[in-house]
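Colleague: All chains should be built: construct the whole structure from the sequences, respecting the hints.
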Amino acid sequence: MLLGVIADDFTGATDIAGFLVENGMRTVQLNGIPKQEVDIHADAVVISLKSRSCPVDEAINDSVAALKWLKANGCQQFYFKYCSTFDSTAEGNIGPVTDALLAELNEDFTIVCPALPVNGRTVYNGHLFVFQDLLSDSGMRNHPVTPMTDSSLIRMMDAQSQGSSGLVNFQVIEQGSQAVSERFETLKQQGVRYAVVDAFNADHLVTLGQAAKFLKLVTGGSGLAAGIAKNWAEHLADQSDAKKAGNPTKAPTVVFSGSCSVMTNQQVAVYKQQAPHFAIDVKACLTDEAYSNHVFDWVMTNIDSEFAPLVYATAEATALKAIQEEFGAQASSHAVEQFFSKLAIKLQQHGVKNFIVAGGETSGVVTQSLAVTGFHIGPQIAPGVPWVKSVDGELSLALKSGNFGDEYFFAKAQSLFE
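Per this note's numbering, the sequence shown runs over residues 1 to 418.
Please note that a few of the clues may not be correct.
[To be verified] With a Cα cut of at most 30 Å, we get these calculated DSS-like pairs of lysine-lysine:
#1 LYS342 <-> LYS412
#2 LYS68 <-> LYS216
#3 LYS250 <-> LYS412
#4 LYS216 <-> LYS230
#5 LYS353 <-> LYS244
#6 LYS321 <-> LYS283
#7 LYS283 <-> LYS216
#8 LYS250 <-> LYS213
#9 LYS216 <-> LYS71
#10 LYS244 <-> LYS230
#11 LYS250 <-> LYS68
#12 LYS188 <-> LYS283
#13 LYS71 <-> LYS250
#14 LYS188 <-> LYS230
#15 LYS244 <-> LYS283
#16 LYS272 <-> LYS342
#17 LYS272 <-> LYS283
#18 LYS321 <-> LYS35
#19 LYS353 <-> LYS342
#20 LYS250 <-> LYS353
#21 LYS35 <-> LYS353
#22 LYS71 <-> LYS35
#23 LYS346 <-> LYS412
#24 LYS342 <-> LYS321
#25 LYS346 <-> LYS244
#26 LYS213 <-> LYS68
#27 LYS188 <-> LYS68
#28 LYS35 <-> LYS244
#29 LYS283 <-> LYS71
#30 LYS188 <-> LYS216
#31 LYS321 <-> LYS250
#32 LYS250 <-> LYS342
Keep in mind that the hints were calculated from the coordinates and are not lab data.
Modeller: Shown next as structure tokens:
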């Protein structure tokens, strides 16, 4: 095992796993830390946690436990993967988890690199952009759990961590990996713990990957994975068979959407014109224990449609705010997650084999409910969103982070069935 990735949610795990496979690494994704011994033949292992927005202590404990498992299995380099929009608050969880992982590895320096230019996430002079907008001006400012109201990665990291941050700007990066490595050393000598790195194109990420070759821990979004994977090129074998292992096959399919991101709203709106669709009633999720059975009946009635039936809780910002004000943000979110959990289990029991899921929290709940222990990584539907297949071959899933993919994502996913 060359590279071990600790991902803070399920969609983020499939996101980076897809990039690693595309760049030549045999990759297996695990649903949490294995509770028993597993036989893994892979260059990279991605452990998916649900630590993005849980209590800080829980996020730290789970992440350190994942690190210890990877160390025990011979991993040589470690990667803490978080969202390309740096989803966190002044309390964490990115800063505290980074500090805990550094402490466990007895290291005192790492990089902060959320950039994913192919999906419009870029860093310029230490500020994070979503396409043309500063993060603080993007739709992420309305995120229900981690509203992003600052775009300075240095300020955000300093607010939630134990050390200080310094900048490696694009002028240094464009001088090459040696210049970046020298800048790392200068920052370390100044007592800086986290190097925030600019990146707004693929070449920047390759250079940063080369410069980070000897760092025990790197942190970032999935974009840096391509550069990191290239460091291990001489150790890698042919990947064609590994990619085939994750290919989805045509079978009963359902689409779940729990994300309320701007892009997911567009995707749902487009897909509703093609496929049967069912909007979840949050009040019914809270008050009617049989509600999932009612929706199950509707799904099975429409399961043989040309396009898979869609069940969605996706709502625009104003509607979401009204729901949260009426029922409470945590209560409504928990009720919807439990609804998706019950529905997924019943659909699996009745022959549904393919699940297309939008939203990190929803993806995590569905994957856990289906009791999937690990995945093979298949073809990319969109940058950062591959199909994955359970290691036993029974289920295929497409787990999409809220803002990833274009407006035709749900139909495009189904076009890849063998």
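Colleague: Would you mind marking each hint as holding or not holding in the structure?
Modeller: Hint-by-hint comparison with the structure:
For the proposed pair LYS342 and LYS412, the alpha carbon gap of about 26 Å is at most 30 Å, so the pair holds. Under the criterion of a C-alpha separation no larger than 30 Å, the hint pairing LYS68 with LYS216 is consistent with the structure, at around 14 Å. Note on LYS250 and LYS412: the hinted pairing holds, with a Cα-Cα distance of about 13 Å set against a maximum of 30 Å. For a cut-off of 30 Å, the pair hint linking LYS216 to LYS230 stands: about 16 Å separates their Cα positions.
Taking the CA atoms of LYS353 and LYS244, the gap is about 18 Å. The hint holds against a cut of 30 Å. Distance restraint check for LYS321 and LYS283: the Cα-Cα separation of roughly 14 Å lies within the 30 Å cut-off, and the hinted pair is therefore satisfied. Of the pairs offered as hints, the one joining LYS283 and LYS216 is violated, with about 48 Å between alpha carbons and a cut-off of 30 Å exceeded. Annotation: proposed proximity of LYS250 to LYS213 is violated, straight-line Cα distance about 41 Å (limit 30 Å).
For the suggested pair LYS216 and LYS71, the alpha carbons sit about 11 Å apart, so the restraint of at most 30 Å is met. Straight-line distance between C-alpha atoms of LYS244 and LYS230 comes to about 21 Å, which keeps the hinted pair within the 30 Å bound. For the hint linking LYS250 to LYS68, the alpha-carbon distance of about 38 Å lies beyond 30 Å, and the restraint is violated. Between LYS188 and LYS283, the direct Cα distance comes to roughly 53 Å. Violation of the 30 Å bound is thereby established for this hinted pair.
This hinted pair does not check out: LYS71 and LYS250 have alpha carbons roughly 38 Å apart, beyond 30 Å. Only pairs whose Cα atoms come within 30 Å are accepted, and LYS188 paired with LYS230 is accepted, the gap being roughly 25 Å. The hinted pair formed by LYS244 and LYS283 fails the criterion: a straight-line CA distance of about 43 Å is larger than 30 Å. Our distance criterion of 30 Å between C-alpha atoms is met by LYS272 and LYS342, whose separation comes to about 23 Å.
For the given pair, LYS272 sits about 22 Å from LYS283 by alpha-carbon distance, which is consistent with the 30 Å threshold. Between LYS321 and LYS35, the direct Cα distance comes to roughly 39 Å. Violation of the 30 Å bound is thereby established for this hinted pair. Taken as a hint, the LYS353 and LYS342 pair is honoured in the structure, with Cα atoms around 16 Å apart against an allowance of 30 Å. Taking the CA atoms of LYS250 and LYS353, the gap is near 9 Å; set against the 30 Å cutoff, the hint holds.
With a C-alpha separation of about 25 Å, the suggested pair LYS35 and LYS353 falls inside the 30 Å cut-off, and the hint holds. Simply put, LYS71 and LYS35 have alpha-carbon atoms about 15 Å apart, close enough for the 30 Å limit, and the pair holds. Among the hinted pairs, LYS346 with LYS412 is consistent with the structure: their alpha-carbon atoms are about 25 Å apart, no more than 30 Å. Using a Cα cut-off of 30 Å, the hinted pair LYS342 and LYS321 holds, with the two alpha carbons roughly 25 Å apart.
Of the pairs offered as hints, the one joining LYS346 and LYS244 holds, with about 29 Å between alpha carbons and a cut-off of 30 Å not exceeded. A hinted pair counts as satisfied when its Cα atoms are at most 30 Å apart, and LYS213 with LYS68 qualifies at roughly 21 Å. Proposed proximity of LYS188 and LYS68 is supported: the alpha carbons are some 25 Å apart, at most 30 Å. For the proposed pair LYS35 and LYS244, the alpha carbon gap of about 27 Å is at most 30 Å, so the pair holds.
This hinted pair does not check out: LYS283 and LYS71 have alpha carbons roughly 46 Å apart, beyond 30 Å. Taken as a hint, the LYS188 and LYS216 pair is honoured in the structure, with Cα atoms around 15 Å apart against an allowance of 30 Å. The hinted pair formed by LYS321 and LYS250 fails the criterion: a straight-line CA distance of about 38 Å is larger than 30 Å. For a cut-off of 30 Å, the pair hint linking LYS250 to LYS342 stands: about 24 Å separates their Cα positions.
In the structure shown, a violation is registered for the earlier hints numbered 7, 8, 11, 12, 13, 15, 18, 29, 31, in ascending order.
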